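Q: Here are the chains, one letter per residue:
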Amino acid sequence: QVQLQESGPGLVKPSETLSLTCTVSGDPITTTQSYWSWIRQPPGRPLEWIGSVYFSGTTYYSPSLTGRVSMSVDTSRSQFSLRLSSVTAADMAVYYCARGPSIALYRAWGQGTHVTVSS
Amino acid sequence: DIQMTQSPSSLSASVGDRVTITCRASQSIGTYLNWYQQKPGKAPNLLIHFASSLQSGIPSRFSGSGSGTDFTVTISSLQPEDFATYYCQQSHSSPYSFGQGTRLDI
Chain R
1 QVQLQESGPG LVKPSETLSL TCTVSGDPIT TTQSYWSWIR QPPGRPLEWI
51 GSVYFSGTTY YSPSLTGRVS MSVDTSRSQF SLRLSSVTAA DMAVYYCARG
101 PSIALYRAWG QGTHVTVSS
Chain Z
1 DIQMTQSPSS LSASVGDRVT ITCRASQSIG TYLNWYQQKP GKAPNLLIHF
51 ASSLQSGIPS RFSGSGSGTD FTVTISSLQP EDFATYYCQQ SHSSPYSFGQ
101 GTRLDI
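Respectively, the protein sequence lines represent chains R and Z.
Just so we're aligned: 53 in my numbering is position 53 of the first sequence, and the numbers increase by one with no gaps anywhere.
Just so we're aligned: 24 in my numbering is position 24 of the second sequence, and the numbers increase by one with no gaps anywhere.
Hints listed in this document are in silico derivations from the structure and should not be mistaken for laboratory results.
Source: prediction; values computed, not measured.
Hints are not guaranteed to be accurate.
[Claimed, not checked] Over the 10 Å line for every Cβ pair with chain R, so calculated as not near, a few chain Z residues: (1) Ser28; (2) Tyr36; (3) Lys42; (4) Ser76; (5) His92; (6) Ser97.
[Unchecked claim] Stretch-level coverage of chain R by chain Z, calculated; a stretch enters the list once three of its residues show a Cβ under 8 Å from a Cβ in chain Z: (7) 54-63; (8) 100-107; (9) 110-119.
Glycine residues also receive a C-beta, built at the ideal position from the N, C-alpha and C atoms.
Just need the whole structure built from these sequences, with the hints factored in.
A: Spelled out as structure tokens, the structure:
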């Protein structure tokens with residue numbers, strides 16, 4: 001059974017870049033028809049899809065974040081990563097990584113990591 | 001963007017009750033609708049996909065229905081472990097949006 005674990009700084013300064021990594025275990029990150037996604041949950045607001053990446057490196061981003069977001073996959077380390085630039089208080093959230101059979105369905109989730117934006 | 005609206009926002013019920021939560025999409029999404037359950041401090045857990053397909057391992061007391069813009073998830077007989085927050089999510093078109101959640105309390 002696949003397991004996902006987010007890691008990265010819990011505190012980011014405004015205008016800087018948020019960087020998170022998700023480590024995958026229990027199943028190869030190269031499994032076909034597995035898409036790797038980032039989803040966040042700001043306090044008091046709905047869950048928000050940030051984007052998804054396939055092991056080939058193909059990426060899919062939310063239009064509202066395009067220009068600030070980038071994702072990548074490191075198959076040798078069974079990890080995929082999120083970078084979000086120019087963060088503001090609006091980017092404060094619990095960030096989840098997830099896996100699914102498409103970029104729009106999430107069957108397995110990490111436990112989540114809380115990110116605070118503050119100077 | 002497609003907006004997802006759930007009702008009610010919160011609901012109080014008792015063990016053994018039958019409960020229905022509604023989700024409405026701002027435009028037709030066919031059956032591209034998923035339901036998740038989230039317990040405090042935990043990640044969401046997929047319950048139902050494509051409006052009515054029960055995810056493997058989910059108890060049969062959960063059921064989903066609907067198409068187009070109006071969807072429901074029903075719990076036929078509430079169990080203590082079902083008290084949680086429920087989210088709908090459309091998988092029709094990007095960005096893949098979620099409802100605001102329905103909190104189910106004892």
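Q: All the hints need checking, so say for each whether the structure fits it.
A: Going through the hints against the structure:
1. Interface exclusion of Ser28(Z) from chain R stands, the closest Cβ pair being 16 Å apart, more than 10 Å.
2. Annotated as non-interface, Tyr36(Z) brings its C-beta within 10 Å of a C-beta of chain R; the closest such distance is 8 Å.
3. Consistency note on Lys42(Z): stated as away from chain R, yet its beta-carbon is not over 10 Å from all of that chain's, at 7 Å minimum.
4. Every CB of chain R is more than 10 Å from the CB of Ser76(Z) (nearest about 23 Å), matching its label as outside the interface.
5. Annotated as non-interface, His92(Z) brings its C-beta within 10 Å of a C-beta of chain R; the closest such distance is 8 Å.
6. The Cβ of Ser97(Z) does not lie farther than 10 Å from every Cβ of chain R; its closest approach is about 7 Å, which violates its non-interface assignment.
7. Proximity of the segment 54-63 of chain R to chain Z, defined as three or more residues with a beta carbon under 8 Å from a beta carbon of that chain, is established by the 3 residues found.
8. Judged by the Cβ-Cβ criterion of 8 Å, the segment 100-107 of chain R is covered by chain Z as claimed, because 6 of its residues qualify and three suffice.
9. Residues of the segment 110-119 of chain R lying with their CB closer than 8 Å to a CB of chain Z number 3, which satisfies the three-residue condition for coverage.
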